[in-house]
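Visitor: As a plain string of letters, each chain reads:
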Amino acid sequence: MIHVENLVKHYGEIRAVDGVSFTVPDGQITGLIGPNGAGKTTTLRMIAGLIKPQQGRVLIDGVDVAQEPQKARSLLGVQSDMLGVYPRLTPREQLRYYGRLQGLRGDMLEQRVETVIIELRMADIADRRAEGFSRGQRQKIILGRALVHNPHNILLDEPTQGLDVMAVRETRETMEMFKAQGRAILFSTHYMDEAERLCDQIVIIVRGKIVASGTPEALRERTGHDNLEDSFVALAGAGLVRSGEIAPETER
Amino acid sequence: MFYRIRSIWQKELLDNLRDRRAVIQSLLFAIGFGIFYAVFNPLISASFIERAAATQYIPTQGIEYADPTFLSLLEVYDIVLEAYEGDLTGDIQRGVLPVGLMIPENFVESLADDEPASLTLYVNPSATGFFSPNFSGERLELAINEFNNQAAARRLAEVNLDPDLLSPIRLNQESLMTPEQQAGLFASFSLPLIVTILIAQSGVFIAIDVTAGEKERGTLEALLVTPASDTEVLVGKLAAVFTFAIVPVTLTLLSFYFATFFLPESVQAVTLPFNVILVSLLVGIPLTLVFNVIVLILAVRQNTFKDAQSAASLATFLALFIGFLVAFRPPEADLAYLIPLYGPVAVISRTTLSVPLPPTAIPYAILGSVIGVVLALRIALRLFNRERLLYTSGS
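So the sequence lines, in the order shown, correspond to chains A and B. Our numbering numbers the first residue of the first sequence as 1 and each following residue consecutively. Our numbering numbers the first residue of the second sequence as 1 and each following residue consecutively.
Simulated from the structure, these hints should not be mistaken for lab results. Be aware that one or more of the hints could be misleading.
[What the hints assert, rightly or not] List of simulated lysine to aspartate or glutamate pairs, EDC-like, C-alpha gap at most 20 angstroms: (1) K179(A) x E5(A); (2) K71(A) x E387(B); (3) K209(A) x D226(A); (4) K209(A) x E13(A); (5) K306(B) x E85(B); (6) K52(A) x D19(B); (7) K71(A) x E93(A); (8) K52(A) x D230(B); (9) K71(A) x E131(A); (10) K179(A) x E229(A); (11) K71(A) x D26(A); (12) K71(A) x D19(B).
[Unchecked claim] DEER-style ranges, computed between Cβ atoms: (13) E68(A) x A333(B): 31 to 39 angstroms; (14) S354(B) x K71(A): 24 to 32 angstroms; (15) R18(B) x S134(A): 16 to 24 angstroms; (16) D127(A) x Q309(B): 29 to 37 angstroms; (17) D127(A) x I24(B): 47 to 55 angstroms; (18) I379(B) x Y11(A): 54 to 62 angstroms; (19) V23(B) x T90(A): 13 to 21 angstroms; (20) I31(B) x Q111(A): 55 to 63 angstroms; (21) H225(A) x Q309(B): 30 to 38 angstroms; (22) R20(B) x N227(A): 28 to 36 angstroms; (23) P25(A) x T231(B): 46 to 54 angstroms.
[Said to hold, decoys possible] Chain A is faced by these chain B residues, among others (derived, beta-carbon under 10 angstroms): (24) T89; (25) Q93; (26) V96; (27) L223; (28) E232.
Cβ atoms here follow ideal geometry from the backbone N, Cα and C, with glycine treated the same way.
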């Protein structure tokens with residue numbers, strides 16, 4: 001379980017994240033959605049311990065990220081929005097490397113690498129150097145290295161962005177598999193249909209503040225729209241009005 | 001901790017060994033500098049040997065006015081004056097000739113009248129370059145001194161004066177330096193410079209790859225979300241850079257020693273004593289580590305490979321600066337060998353020159369490098385800050 005409590009991060013005058021709190025329960029998929037520049041990536045990076053918040057705290061399975069960053073990171077699997085892989089290494093070598101950094105060794109390491117290769121359906125590419133891999137193939141490596149240590153909590157930053165239909169479907173199936181395995185999954189996305197289809201809970205963030213959260217059904221009911229996209233536009237628009245970003249009539 | 005450092009080290013080695021550019025760059029250094037030394041060493045030696053042994057021909061105008069005794073004496077010194085018909089000063093100025101002598105019409109008369117007879121020697125060393133067989137003014141000067149002594153003695157004898165009366169002190173200077181040693185003198189200046197630049201450059205490619213390259217590829221964030229601490233990541237990467245760097249440094253230094261072995265016997269070349277190579281390795285290896293950390297510092301905050309390459313070129317300038325500083329300002333106090341970068345380069349320079357080193361010089365130079373590594377590593381760790389490294393964008 002991931003527990004985020006009153007996170008604040010500002011850069012000079014800009015409050016990138018402003019008092020964000022939510023919980024990502026085990027066995028559920030929580031979607032973090034918001035317009036560009038809303039603070040999604042900053043929030044995910046604070047949860048991953050890459051950025052120190054000025055206020056607030058993050059607990060990963062009860063471990064405070066600020067107090068015990070290394071332990072907290074070992075409980076997390078993080079897939080960033082950067083699709084970088086090592087082109088001269090094979091996926092298997094890359095998984096092995098990240099497994100070692102997570103402290104795995106010997107048979108346990110090899111076993112986990114093999115499991116991830118099977119789970120992510122990457123056996124056909126596992127022993128080829130990653131140079132020239134497609135976006136979807138790289139995405140599998142990135143997801144694989146986030147999972148190699150079998151973390152209970154998973155952060156995914158826009159995991160389906162730029163992928164083709166088949167790769168998007170595979171990624172979504174993988175997320176559902178994680179959920180079935182009882183993991184806590186937090187992911188950010190721009191795709192409302194994806195959020196609506198996958199998420200048990202949605203957190204809408206605008207200008208660094210949470211403007212709404214709840215199940216997709218609850219958000220639809222609250223705004224009176226029959227789809228999440230319209231609900232999001234209404235809720236995000238209201239958030240922008242409150243933050244002074246747009247004038248009230250624009251919201252209407 | 002060591003498991004993670006070792007894992008990062010192994011990964012970086014494997015990754016970079018598969019990078020043709022990194023491997024070629026490393027090997028090129030060793031092979032390139034070896035060939036450079038093998039080719040230029042005999043050329044430089046030959047230049048000094050030829051200069052010392054060859055007859056000196058001096059294009060001369062007014063040769064018909066020269067005193068025959070003077071010409072005979074020049075021949076003893078293996079100097080031959082050759083009549084020159086063209087524009088002597090103009091040709092020297094334009095670099096057509098490196099040297100020329102002008103004998104005035106009244107040369108013989110002046111000598112006969114016991115007046116100073118003047119000769120004008122025009123020189124332009126740029127005409128042949130520094131290392132080409134060139135004119136040695138020293139030999140002509142010796143010949144003229146000898147002629148002066150003989151003439152003065154003759155004149156004093158004519159007035160019944162002992163010539164020794166006018167020379168309370170006579171300095172007999174005789175250079176015992178062999179041409180090979182002369183070439184070694186050049187090596188003492190050039191070798192430390194080459195070695196320092198080599199050390200500064202070795203590992204640059206991999207240092208950039210493991211820092212800015214990681215960022216450019218988009219793999220840095222994934223690495224930083226692992227439980228590996230900043231120190232583990234940095235030390236692991238530094239270990240890989242160092243491993244990659246010492247191979248060309250060692251091979252190159254050894255190639256300086258072995259290069260001359262492969263030359264034909266007819267070719268004269270200066271073989272560096274093996275102790276020079278050993279001392280260079282002894283102080284050069286810790287020095288390599290200092291430069292590796294400096295390059296990491298320069299590259300760690302850069303976003304792209306190209307930016308990092310530009311930043312890392314500062315290390316080469318630093319090496320050049322230190323090399324020249326040592327050449328012109330060698331250490332005067334033993335403690336100066338403790339100064340990171342300066343101390344080890346000074347040891348290499350002094351050893352090449354066969355100048356006895358203070359017994360503390362080598363330990364101090366190594367200790368200075370260790371201190372340098374610790375200090376530089378602290379700076380690198382400050383710069384290797386997760387948040388600052390990553391926060392180039394965020395939504």
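Visitor: Let me make sure I understand: some of the numbered hints might not hold for this structure. Which ones are they, in numerical order?
Guide: 1, 3, 5, 6, 7, 9, 10, 12, 13, 14, 17, 18, 20, 21, 22, 23, 24, 25 and 26
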